[in-house]
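Given chain P, work out where chain H should sit, using these hints.
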Amino acid sequence: MPFVPHTDEDEKVMLDTIGVNSIEDLFDEIPGELRAGELLQIPDGISEMELLRLMNERARRDEVVLSFLGAGAYEHHIPGVVWDLTSRGEFLTAYTPYQAEASQGLLQLIYEYQTMISRLTAMDVANASVYDGASAMAEAMLMAVRANRKSKSKKILCAGNVHPGYLAACRSIVRNQQISIDIIDWDVDTGNLDTNYLQSGEDYAALVISYPNFFGGLEDVNHLTDWAHQEQALVVAVVNPISLGLLNPPGNWGDDGADIVVSEGQPLGIPVSSGGPYLGIMCCRQAIVRQMPGRIIGRTTDLDGKEGFTLTLQAREQHIRRAKATSNICTNQGLLVTAATIYMSLMGDKGIYEVARQCHHGLLTLLEKARRLPGVEPRFHGPRFHEVVLKLPVTAKKVLAGMAEQGILGGYDLGGFSENLENCVLVNVTETKTIEDIEKFVACLATVLEV
Amino acid sequence: MLIFELGGKGRSAKAQYRQMDTEIEIPESHLRKTPAGLPEVSELQVVRHFTNLSKKNFSIDGEFYPLGSCTMKYNPRGVHKAASIPGFLNRHPFAPEAHSQGYLACMYELQEYLKDVTGMQVISLTPMAGAQGEFAGVAMIRAYHNKNNDLDRSEILIPSAAHGTNPATAVMCGYKVREIAVNAEGDLDLDELKKAVGPQTAGLMMTNPSTCGVFERQIKEISSVVHEAGGLLYYDGANLNAILGKVKPGDMGFDVLHMNLHKTFATPHGGGGPGSGPVGVRSRLAPFVPTPIVGKREQDGKDYFYWRDEQEIPETIGSLSAFMGNAGILLRAYAYARLLGREGMHRVGEYATLNANYMARQLEQSGFELAYPKRRATHEFIVTLSKEAKQLGVNAMDFAKRLMDYGYHAPTTYFPLLVPECLLIEPTETESLEEIDGFVKAMKCILKEAKDCPELVTGAPYNMPVRRLDDVKAARELDLSLMK
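Quick mapping for you: the protein sequence lines, in order, are chains P and H. With the working numbering, you'll find the first sequence wraps up at 1684, consecutive numbering, no jumps. With the working numbering, you'll find the second sequence wraps up at 488, consecutive numbering, no jumps.
Next comes chain P alone, as it looks inside the complex (with noise of 0.2 Å):
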């Protein structure tokens, strides 16, 4: 049987030292009426050539030419190195690097990853990583509640523009501690937070900012850090890691900056893979990484003084707290923070700020094309990073139904999201476009539009 070594003969001197006449003897233990019959829905074993052929058939069912989907899941080049290194046994199979000494190559990694974040964000420091962007903004919520030293409140003011499935998934997570979520609205004519709606007054933990938000709109971000702050309210940024490139760090938001960072880490060297696994990035000020979910990673020094690096501030977690830990999370996406800190040592601040630069060019090149069709035109105005509304004389439904016949994966449909979008759909550019992909897909919108 696969993955089994045991020979017949192996087994008898198992069983021999064991004092046992068979396998079975090993279960006695269980009642009888426990046992498990066959495994009636699991079909007969299959060779690894056939595991191949099945998989790719399968996977080749679902191919698709061109794909200007983004909405949280973004496509972008994957250096060769990324994946090759991360792959090597040592990072694949390795755990979570309990025993520091026999774990060094991982924690340097992290801590080289811990460094490369909070750089890169403005930040103080980074955690090891949570599971995803939408999972980060929900501990972000819960560190607020805990972290804000000036405010009981268990309230949260959350943009209404951020993911609407970051914000879902929060609502599952934080709603059974009490915790409530009032969203600003957004203006329907900018997309953007109508700051003249803040009320002065109301008592908040903290106020969650998207940055880009879920429009690929720029929010006034200086303005809203200090409005919070001065409410006395922490201010949770959520952003996207290639913008930084080119986009002011949350660090930097305002007098003094956000309070709690988190990102989707997934365009940093991770492929979009049906929405996972990818990598929640989260980082915080120093003053409250005690309040930090996760697993931190320091330096310091062995019993010979040299340097090394451990798992620290332990006292925060599930296996030492327990019932008073910061948060059950166990695992962390090491896999993911590996591929992401070796994307980021190739790219360096070049490297993003290039990408993040024809992301934005892209786009404002498929704007440009796509509104000279008749009754398409950008829904809202003002800067944007790498995603864009349009607003379609037809239902996004329909139009993005007749561009996947022809194997393009138009956009995301908004008109789900909002009564206010209807028929529009949010359609992502990368760098991995060029000009020929791009005419491809206004071509493709005009024939579906019969325009």
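Worth flagging that the hints you see were computed from the coordinates, not collected in a lab. Warning: the hint list may mix true and false statements.
Computed list of chain P residues with no C-beta within reach of chain H, every gap over 12 Å [claimed, not checked]:
{"id": "1", "residue": "E1334"}
{"id": "2", "residue": "S1386"}
{"id": "3", "residue": "D1582"}
{"id": "4", "residue": "S1651"}
{"id": "5", "residue": "N1656"}
{"id": "6", "residue": "T1680"}
Computed cross-link-like contacts, DSSO-like style, restricted to lysine-lysine with a CA-CA straight-line distance of at most 27 Å [unchecked claim]:
{"id": "7", "chain 1": "H", "residue 1": "K13", "chain 2": "P", "residue 2": "K1583"}
{"id": "8", "chain 1": "P", "residue 1": "K1245", "chain 2": "H", "residue 2": "K445"}
{"id": "9", "chain 1": "H", "residue 1": "K306", "chain 2": "P", "residue 2": "K1631"}
{"id": "10", "chain 1": "P", "residue 1": "K1557", "chain 2": "H", "residue 2": "K180"}
{"id": "11", "chain 1": "P", "residue 1": "K1630", "chain 2": "H", "residue 2": "K180"}
Even glycine gets a Cβ: it sits at the ideal position worked out from N, Cα and C.
Quick look at chain H alone, frame taken from chain P:
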């Protein structure tokens, strides 16, 4: 050397991006003022740096890694390859159903397999790790009591031997935690349980086999006691590998469970993750499962797979990630299940148990004390070194560190908390007789060293990239990122 200390100003892997002089239509106030300070290195420097870091790591591929409760079994390379097919890697999570039938077919079939091995009626694959699966499970218990207007149930019962995630999860779901003692044989104290249950009991969370490395023999009675009090029974699937193909948690009376696919279904641990923690429920909790799940219907005479979201499951506890969890890991678990097939699946628990019992017996005969000598080991077992700690001044951590010098990753140390000076040892079914014998031999050598020259053991390790690290300094003089 840190990567920041390599390289030179302006260096980067220039093959990885284009440079074009394009316009930026973003106002100055939104732009970054100073560069972040990422490494400035060539592509070769990156390759060499991370290749060398990888060499400073123990892993399953390199070393025997008998970390108890973590199921460090072989992660088949073919599975990694199957999940890395470009069509799967490039599939966008919002790709339309019509363009996702290949992927959805895998997910649907995985749901069916997991139902079968657990004896549950509905599976949701979305939780991204064991702890998130626990969260989903306890949130469903809460939703169930709320729906029945049974609002005074405020307490979750947890055996004292449980993983730390259990109490932490109960608190995240708004419950109080009450611990139940475990007796000297490793079974739950049934009398204490009977006294503890009542109208305040929302449920009991437990693993079986327990973290003591023994099967909980009174499980049927425990199930009756909790159910008669109106509570539900939660199965923490951390130790499912012990009984895979032999016992189904549903048959033991559990109402809800999570599985750790990175343990039982051999998906790579990745240096701490990603995990994947699908949940399974019996029908009374089916209305509350986290979304989305995959459904199947007939369309034009063929199977058509589709997403079932909150429209179809209106009482769901909701979604737990932006999309549908760790899809790439689920694909690996599916591929692993196909390679094993029915026969292979039945054998997992059997050979995991054979290996653990053999190893336990060998260690016992070599002079080590088992924590539960009268019990059968399951897929793991506990050695207690309290005698060695008292008489020789060599404790469990010293043994763990010295094992590294012999080329073995340490077992889990000091867990479960109720056994003093313990090593929790889990060999898994994929280890050979020779490997196990080698480990036993190393343990014997260390025991001899502990008697002859205890300082040798208490000073270990010597052959690792560093010696023991100053954890107190790490926590006091926090250095979590390199200053510019």
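Now the hints, each set against the structure:
1. At roughly 4 Å from the closest C-beta of chain H, the C-beta of E1334 of chain P falls inside 12 Å, breaking its exclusion from the interface.
2. Its beta-carbon lying about 17 Å from the closest one in chain H, S1386 of chain P satisfies the requirement of being farther than 12 Å from that chain.
3. The non-interface label for D1582 of chain P is inconsistent with chain H: the shortest C-beta to C-beta separation is roughly 4 Å, within 12 Å.
4. Interface exclusion of S1651 of chain P from chain H stands, the closest Cβ pair being 17 Å apart, more than 12 Å.
5. A cut-off of 12 Å between C-beta atoms confirms that N1656 of chain P is not in contact with chain H; the least separation is 18 Å.
6. At roughly 18 Å, the least C-beta separation between T1680 of chain P and chain H is larger than 12 Å, which holds for a residue marked as non-interface.
7. With a CA separation close to 11 Å, the supplied pair K13 of chain H and K1583 of chain P stays within the 27 Å bound.
8. Straight-line distance between C-alpha atoms of K1245 of chain P and K445 of chain H comes to about 20 Å, which keeps the hinted pair within the 27 Å bound.
9. Under the criterion of a C-alpha separation no larger than 27 Å, the hint pairing K306 of chain H with K1631 of chain P is consistent with the structure, at around 24 Å.
10. With a C-alpha separation of about 11 Å, the suggested pair K1557 of chain P and K180 of chain H falls inside the 27 Å cut-off, and the hint holds.
11. Our distance criterion of 27 Å between C-alpha atoms is broken by K1630 of chain P and K180 of chain H, whose separation comes to about 47 Å.
In this structure, the hints that do not hold are numbers 1, 3 and 11, in rising order.
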